[in-house]
Amino acid sequence: MIAEIGHYALVLALGLALIQAIVPVVGARLNDGTLMGVAETTALGQFIFVATAFAALTACYVFSDFSVANVFENSHSAMPLIYKFTSVWGNHEGSMLLWVLILSLFGASVAAFGSNLPAPLKANVLAVQSWIASAFYLFILVTSNPFLRLPDAPFEGRDLNPILQDIGLAIHPPLLYLGYVGFSISFSFAIAALIEGRIDAAWARWVRPWALAAWMCLTLGIAMGSYWAYYELGWGGFWFWDPVENASLMPWIAGTALLHSAVVMEKRNALKVWTILLAILTFSLSLIGTFLVRSGVLTSVHTFASDPTRGVFILAILVLFIGGALALYAWRAPLLKQGGLFAPISREGALVFNNLFLTAACATVFTGTLYPLALEALTGEKISVGAPFFNLTFGPLFVPLLLAVPFGPLMAWKRGDLLGVAQRLIGAAGLALVVIAVAFVLTQGGPVLAPFGIGLALFVMAGAVTDLIERVGLLRVPLPTALARARGLPRSAFGTTVAHFGLGVSLLGIVCASTWGAEKIVALKPKQTVSLRSYDLTFDGIVTRQGPNYRELAARFTVRQGGNAIGLMEPSKRTFPSRQSSTTEAALMTRGASQLYLSLGDMNDDGSIAVRLYHKPLVLLIWLGAVVMFLGGALSLSDRRLRIGAPRPAKAKPTMQPAE
Amino acid sequence: MTRKQRRLVLIGCGLGVLAVAVALVLSALKGSIVFFNSPSDVVEKRVSPGTRIRLGGLVETGSVQRGDNLAVHFKVTDGKSAIAVDYRGVLPDLFREGQGIVTEGTVEPGGVFKADSVLAKHDERYMPKEVADALKKSGHWKEGEAK
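So the protein lines, in turn, are chains A and B.
Take the first sequence: its letters are residues 80 to 739, numbered as in my numbering.
Take the second sequence: its letters are residues -1 to 145, numbered as in my numbering.
Calculated directly from the structure, the hints in this document are not laboratory data.
Just to be clear, a hint being listed does not mean it is correct.
[Said to hold, decoys possible] The list that follows gives simulated cross-link-like pairs (lysine-lysine, DSS-like), each with its CA atoms no further than 27 Å apart:
#, chain 1, residue 1, chain 2, residue 2
1, A, K461, B, K78
2, B, K2, A, K493
3, A, K461, B, K43
These numbers come from a predicted model, not from an experiment.
Full structure from sequences and hints, please.
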């Protein structure tokens, strides 16, 4: 019964979406307030119905209703409750339902909080949003219905893929989807602007908070996914340049470019046509990401099932939306009025530089991800494009970008002074040079590029701080004045500093962990010791345990440093009988921002066990940096100017009453 | 500068960066991509020693021998041909005889494949796509074996 309610609610949502896709556009054409107003009601209605459908599926999982095919395939009655929740989106059908849930949530938020939008713009935005929603409701109902029943209800489910039974997975997909789908709002705004043929600086003010929120979620989502892969896959790597990872990285890069170009548009009314294009591209890349991950063209842990009709359906959605949007752009964009002028050396120029390099880097990732697919389709030749390719292309394009990051915020609008900015960055550059020199001395014979990477990271971090110091005039004016100025600064200025600082932190983590890590793979018998750097790990023995739906074989290690025991590490292997499969659970020991990483290999006949031991210096900074970037975004989002949106015409001041 | 000149500068910079990106991509594609081969491909195409390739197929039943220090020898087969593989290190969880795997490495002059990484499928139900295709090609694919 519950499943049928969910199914029905989804059909009703589709009905509402179809109304919302047409009526408001007609209303905006005729300038009819009633017709335009329909969109608000239907957007809220859609959200309520999709939420009902989602709740129904969740209920089926929680009550382990194995007569529902989807629950049977992906759940097990003995699974802990939390994983019963997360397995709702740990499969293709459920994850698509989560996708439309978030889409309808964003639509409803525009309807509810967009009271300061002009009525026609709002109506068009909600209509475009509903075109996307209709396509995806239809996709779910036709090809991926999660509510289908099995004729004979089985007694027990087949369990969730064991490597997905992890708390990281509970958070990763929803965050990633919030990001992907969040960019649908900027897409809808872009299309609405093209339909109206009118765009101004206020448009950027409305779009920026949505794009920023989406970008923040995507940042955290990618970081979360990377950390999950790091500890769950047992290889100790944090980024594999896997097509599925690239699928989430591309919208992130394009979204970052969009955020920056929207600033130029908001402040200087320039780069309008370009910003519209970026908004379209960012969401297109999100759709391509969904296609790559969901269609089965790639084999990975994310490809839950490969049913060709689904791939064709998503491909059709892709062609329709991306092709349609770009065609509309080609037709209408020339009608948009050109914006303001600026010199190449200026804040605008710096942001254009940022956009150029980001889009070029994004294009290389795009090529590396899709080239193997295209080649296989055309010639049948199978190739793999891995880390070496991306290191050679993405790397060189990102280095100049990172070098330029500290310069951007210090430039003046319209006409900047490169020499003056360089002088102000002397402190940061000096610090970076000293660190490079020290790193060279400390790591003689190590990778040559690593010290430069560290220096670059410090330059980015110190540059971010320099910007703030310059703005408040710290060291130049008395402290109280500086503090007063700091209070007066808009929060978005702090947001920029914090986010750029976070970028430097992540970079530092990436450089340290990938170049100065140490690794050892050995076979150990009980009571034997393995040493790595300053740590000695003694293999104490093996314990077996019974988990709720798995058996666990854990190896116990005592970790010593300089003879003193500093802790225990217990990597394990779990066997899930319901799927006859197993996972490796790595053990992590955190020392400051560095980690010891221990994972188990095979048991040998002679009683020894293979172990992989890594020392990952400063590895936690990679994800910590992402969290800092997220906080920077949050600070900027909390800026009053963004929250309020476009400036409203000042109300006439009440005239003074003459004293009587 | 006039509006037109500024726009030219902007477009020029854009094209410049694009050209650099294209050059980087082309040079990287030449040097750093790896072709996938089935054991039959390796035999038929005579992959020259030292070329990095990916080799995929089933681990031949009864071929796995473990040596000292985590050394492993096994054979990868697609039903028509089999290639001997040398590997040292930890094998993935789902490495078993009769299972589909993908290895990456180089062919040694003696015809032995020296692998530096071994990938197995993540899950009981899936087989690496390349392996499935290679098996279909050599006619050793059983429908329903893996889906």
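Here's how the hints hold up against the structure:
About 19 Å separates the Cα atoms of A/K461 and B/K78, which keeps this hinted pair within 27 Å; it holds. Between B/K2 and A/K493 the CA atoms are separated by roughly 17 Å; this keeps the pair inside 27 Å, and the hint holds. With a CA separation close to 14 Å, the supplied pair A/K461 and B/K43 stays within the 27 Å bound.
Checked against the numbered hints given earlier, the structure satisfies every one of them.
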